[in-house]
Amino acid sequence: MIIFLAAQVLPGDVARRILGPFADQRAVDELSKELGTDQSLLAQYWDWISSFVTGDLGESAVTGRPVSDVLLDPLVASAKLALLAFIIVVPLSIAGGVLAALHEGTGRDRLISVGGLSATAIPEFVWAVLFLLIFALWLGWFPTTAQPPDGAGLFTQIEYLLLPSLCLVCVLFGYIARMARAGTIEALEADYTRTAILKGLPQRTVIRRHVLRNSLLPTIAVVATQAGYLMGGLVIIETIFNYQGIGLTLARAATQKDIPVLQSGVLIIGIVYLVATLIADILYSVLNPRVRLEAAAE
Amino acid sequence: MSVPPKPAPAGATEIGTASPAAVGARGDEARLALKERLALLRRSKSFIAGSIIVGFWVLCAIFGELVVPEDPLATDPINDLMTPSADHWFGTDRLGRDVFSRVITGARDILIAALLATILATVVGTALGLVTGYFRGAVDDVLSRIIEAFLALPVIIMGLLVTVSLGRSNTTLILTIGILFAPIISRTVRAAVLTERELEYVSAARLRNERTPYILFGEILPNVTGPIVVEFTVRLGYAIFVAAGLSFLGFGIAPPAPDWGLQVAEHYGLISGGFWWPVLFPSLAIATLVIGVNLIADGVASAFER
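Taken in sequence, the protein lines are chains A and B. Per this note's numbering, residue 1 is the first one in the first sequence, and the count goes up by one each step. Per this note's numbering, residue 1001 is the first one in the second sequence, and the count goes up by one each step.
Just so you know, these hints were derived from the structure itself, not from any lab. Keep in mind that the hints are not guaranteed to be accurate.
[Claimed, not checked] Now the in silico label distances, taken between C-beta atoms and shown as ranges: (1) A/ILE158 / B/GLY1269: 17 to 27 Å; (2) A/GLY140 / B/ASP1080: 17 to 27 Å; (3) A/ALA95 / B/ASN1209: 54 to 64 Å; (4) B/ASP1087 / A/GLY140: 42 to 52 Å.
Beta carbons: idealized from backbone N, C-alpha and C, even for Gly.
The following block holds chain A by itself, in its conformation from the complex (with noise of 0.2 Å):
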């Protein structure tokens, strides 16, 4: 939590920002108590997070609405687009990654290597640029925006979802088939899938059983923190594909120096980040034996 007070205290006189350097002395100090900006440091992060905690978020800077009512809708529609890119990310990096782990050293190995960080290499919004020019523009298959007509059904939805899941995908694709490689090869080196293989039992077997079993684990741990990633990821995608995401809102806000959205996204997206985080710690816990058994030695 010390990123927040830190992030907070940084944006100095909030309402000499919102009526620009030439307005009156006196109708900035007007604002600040208005917008409670002339209490001390302390006072005004005691009086944001103690509000934050009750659910009220104060109100827009610029719109005047309250902030729970600017974010709620586009935290929705970012939830929606974060999964589908899961959805589609997330089995198919794993099953690169144990393909290319399966085949170490051949050229389908450094073909998904290579190409897994090469792609995650690139930005976002170049992805993003490469598949609007093929697919929307050249083939015409998918719309140019991810905002789907109002009381659009599922598929049309996905439709619309489908190009900036994909750019998502791109980047993360690398990481996690990265992980899901390495934490393979340990797997099929380890002793115990030696034993496994000598005792006789079929291969897809061992696989399943042993190897995938162990090499699952520490993919996990970087699927969540991706999911801080991917928070980052969403503020682009949505701003080229104008969706009414959690990041394009953040986006607005931050060019409009809407400092009560910005704050409240912000630790919105913190908290995201910190229940991944607790939700992969859980599953690793579940998953491995180890971890569990220690717990409850302590």
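Starting from the known structure of chain A, fit chain B onto it as the hints suggest.
Quick look at chain B alone, frame taken from chain A:
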């Protein structure tokens, strides 16, 4: 409950365990090891390919302005959004500026920003990592908690926040990326230092009554350069990634600079109108540059991690 080891995005965590203990002895042996590594690098295909790509863009950054056919900032509103032709290889943008000239000269801003940011991050991160890894105890605990707090938010979002409060400039961009990346580097360095500090040469130095700064920077630092070099090249790729992203959002390099992210940001709205050239070429430029840097990082990692 213990938090599962959070792998750094680029799988940098393994670096710490690949202890540079083999290079423990200083002097001739270390020099020999360095020579071996450089020889490995020269044979690495990905390193060579990456160097060629990045080398091309570095040349563009340095000499681009001298060779491009037109002034990248010169507007020509009558000839705006012209399709690529013999006169304008990559066409012209909405202000009639020559896209080819802007793509070539655009290498400069992002390379300078990313390089300075990464150097800053490496220097700060190395110092932090040495201190936290060597002292452990309370210093480590406090600093590590602060570092974890920093890592909890995506860099792009922190960049947004900082730029909103400090204003948009190249300096802000460099400082933001530099400071946000420093904790990540410090983690890697810390992990390497944790193994090093147990080795005999460190206790020997301590027994000789050497001053702590000397032990940190004179004894331990030379032995953890491997992970630091790897981390530097990896972070450079990310710095470009983030700098381009922030520029695209309008929180990085300021217009009218011929920055690639900016060019995409100014023109992506025109894609549906069929104007693909002012968007495609700068995008490809970014893509090739990051792939180049990552190929180098890949080569460096495999040469320095054995």
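Status of each hint after checking the structure:
Checked against the hint of 17 to 27 Å, the C-beta distance between A/ILE158 and B/GLY1269 comes to roughly 24 Å, which is consistent with it. A beta carbon spacing of about 26 Å between A/GLY140 and B/ASP1080 agrees with the range 17 to 27 Å that was offered as a hint. The beta-carbon spacing between A/ALA95 and B/ASN1209, approximately 58 Å, falls within the hinted interval of 54 to 64 Å. Separated by about 30 Å at the C-beta atoms, B/ASP1087 and A/GLY140 break the suggested range of 42 to 52 Å.
Comparing the model with each earlier hint shows a violation of hint 4 alone; every other hint is respected.
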